[in-house]
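Visitor: What follows is each chain in one-letter form.
There are 2 protein chains.
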Amino acid sequence: MNLVQHGAVYNMLSLGIASMTFTSLFLWYGRERVLPKFRMAVMVSATVTSIAAYHYFRMFDSFNEAYPVGGTVDGGFAGYNVGYRYVDWFLTVPLLLVELVAVMGLARAVQSSLLKRLVPAAAAMIVLGYPGDMHTQLFGLSNSMWGLLSTIPFLYIMYVLFIEIGKSLASQSPKVQGLLKGARLLLIATWGVYPITFILAMNDVGAPSFEAVVNREIGYSIADILAKCVFGLIIFTIARIKSAEENKEFAANEFRD
Amino acid sequence: MNLVQHGAVYNMLSLGIASMTFTSLFLWYGRERVLPKFRMAVMVSATVTSIAAYHYFRMFDSFNEAYPVGGTVDGGFAGYNVGYRYVDWFLTVPLLLVELVAVMGLARAVQSSLLKRLVPAAAAMIVLGYPGDMHTQLFGLSNSMWGLLSTIPFLYIMYVLFIEIGKSLASQSPKVQGLLKGARLLLIATWGVYPITFILAMNDVGAPSFEAVVNREIGYSIADILAKCVFGLIIFTIARIKSAEENKEFAANEFRD
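From first to last, the protein sequence lines are chains E and B.
Sequential numbering of the first sequence, starting at 1, is according to this note's numbering.
Sequential numbering of the second sequence, starting at 1, is according to this note's numbering.
Just so you know, these hints were derived from the structure itself, not from any lab.
Among these hints, one or two may not hold up.
When chains are identical, the list treats them as one kind, so a pair holds in a single copy or across two.
Stated by the list, open to error - No farther apart than 35 Å at their CA atoms in a straight line, the calculated lysine-lysine pairs in the DSBU-like style are these:
no., residue 1, residue 2
1, 248, 181
2, 248, 175
3, 181, 37
4, 175, 116
5, 116, 181
For reference, chain E alone in the conformation it holds in the complex (with noise of 0.2 Å):
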C-alpha cells in the first residue's frame, strides 16, 4: 500500500474515533438538556457512538498492523478484521431504530410494537450481510446470494419506516415532522453507501485490491459519521425542540424566544 493510500485510510480512520468519542461524551452530558421524557432517546444515540468509538480504535489499530506502508496484500487481508464493522453494525443498527422511535414520543404500546419488528429486522439484515463480505461462499451460497437476502429484511424496515412511522408523524409539530424526516432520509441514504461498496467487491475472490480496500474503508467511515454522529446530533435537536414544545418552563430556561 502507498504512502497516500494508507494516509488516506488513516487519517479517515482517526477522524473517526473522533467524532464518535466526542459526539458520545457531548450527549451522554446532553441527556439533561432534555426533557425526562426524552433522555432515553439521547442516551441510546450515545451507546450508539460509544460503541462505534470503540470500534473505530480497534480498527484504527487493526489497520495499522495489517497495512504497512509499502506492505503485501496477502499480510493485509489475513490481518486486517473487516469483523468489527458487522460486529459494530449489528449492535449500532437495530439501535439507530430505537433513538429514532424513542424520539418521537409515542404511547407505550405503539413504540413496542414498532420495535418489536424493527430490532429483529435490523439484525437479520446485518447478519445476512456479513457471509457475503466475508468472500467465502458460507453455505456454499455466492456473495451476491447473501447480498439478496440482507435485501429482504432491508425492504421491510423500509415498509415500516415510510408507511407505518408515516402515520404517526401526523402528530408531530412541523417542525419536528421536517427533522424527523430528514433523519429518516438521513438513515436511509447513509444505509445505500454500505450495498454499494458491497456491489463494487462483489465479485473479488479472496483478497481485495489496496484500491477496493481503501475505498471501502473511506466510504464506510464517511457514511458511519454521518449516520451515527451526525444522526444522534439530530434526534438530540429533535428532543431539545419536542421538550420546549411540551414544557413552557423548560422552554424559558433553555431557550430565548
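Fit chain B to the given chain E structure using the hints.
Guide: For chain B alone, kept in the frame of chain E given last:
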C-alpha cells in the same frame, strides 16, 4: 488454529467487550430513569456487566497471545487463562440473583432471607465447577465428579427461584410477572449452556482440541451476553415499569400513555 476458527473467537470476544462495556455505561446512567427504590437493582446490573467487561478485555488479549493463527495446541492450552471466566462468574453469578431479587421490591426481611440462601449457593456452584473445567483431577476427583458436586447448589437455586420466589410473584402486576418469569427463564436457559459445554469437553484429558476451544468460547460468550446484558436490560425495564406503576408523577414525566 486456522484463520476462520481464530476469527470466530476473536470477533466473539470483541462482541463480548462491546456488549458488556456499553450495556454498563447505559445502565450506570440509566439508574436515574427509575425511582430510588429500584436504583440498587439497576446499579447491581451495571456492576455485573462492568465486571464482565474487564474480564472480556483480559480474555481477548489472553486468547490472542495463546492462539496465534497457525499456532500449536500445547502453546495455546498453556497460555489461555480459563480462570478469567470462573473469577468472573464467581463475582457475577451471585450478583445476577441479587438483581433479580432486588427488582422485585420485596419487604426487607423477605429479600434478606432469599439472598442469604441464593448468594452462597451461587458462589459454591461456581467454585465447585472450576476444578472440573481445569481437567486436573484436583483432590483425586474426576471432572464429572466436580461437575456433579456443582449441580447440588444449582438444584437448590432452582428450588428457591421456582418455589420460594414463585410465591412472591402473585403480588406483582401481570406485566411485571411476565417479565420476571421471562428473566428467570433466561437465567436458567443460559446457565444450561455451561454444563452442556462442560460435558462436551469432560472426557478430554490435557489440552482440548482447537475445535473444542472454539465451540466453548463461542458458547460461553453468547450465554454471557444473554445472561448479563439482555438480563440486565430486562431488569432495567422491570424497574421502569414498576416505577411508573408506583408513582403517577414518575409515569407522567417518563411516558406518554
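Visitor: Hint by hint, note whether the structure agrees.
Guide: Hint check results:
1. In the homo-oligomer, the alpha carbons of residue 248 and residue 181 lie at most 35 Å apart both inside one protomer (25 Å) and across protomers (33 Å), since each shortest distance falls under that limit.
2. With identical chains, the CA atoms of residue 248 and residue 175 are at most 35 Å apart both within one copy (17 Å) and between copies (30 Å).
3. Proximity of residue 181 and residue 37 under a CA criterion of 35 Å is satisfied in both settings, with 21 Å inside one chain copy and 28 Å between copies.
4. Within a single copy, residue 175 and residue 116 get their C-alpha atoms as close as 28 Å, and across copies as close as 16 Å, so both meet the 35 Å cut-off.
5. Taking the shortest Cα distances, residue 116 and residue 181 sit within 35 Å of each other both inside one copy (21 Å) and across copies (19 Å).
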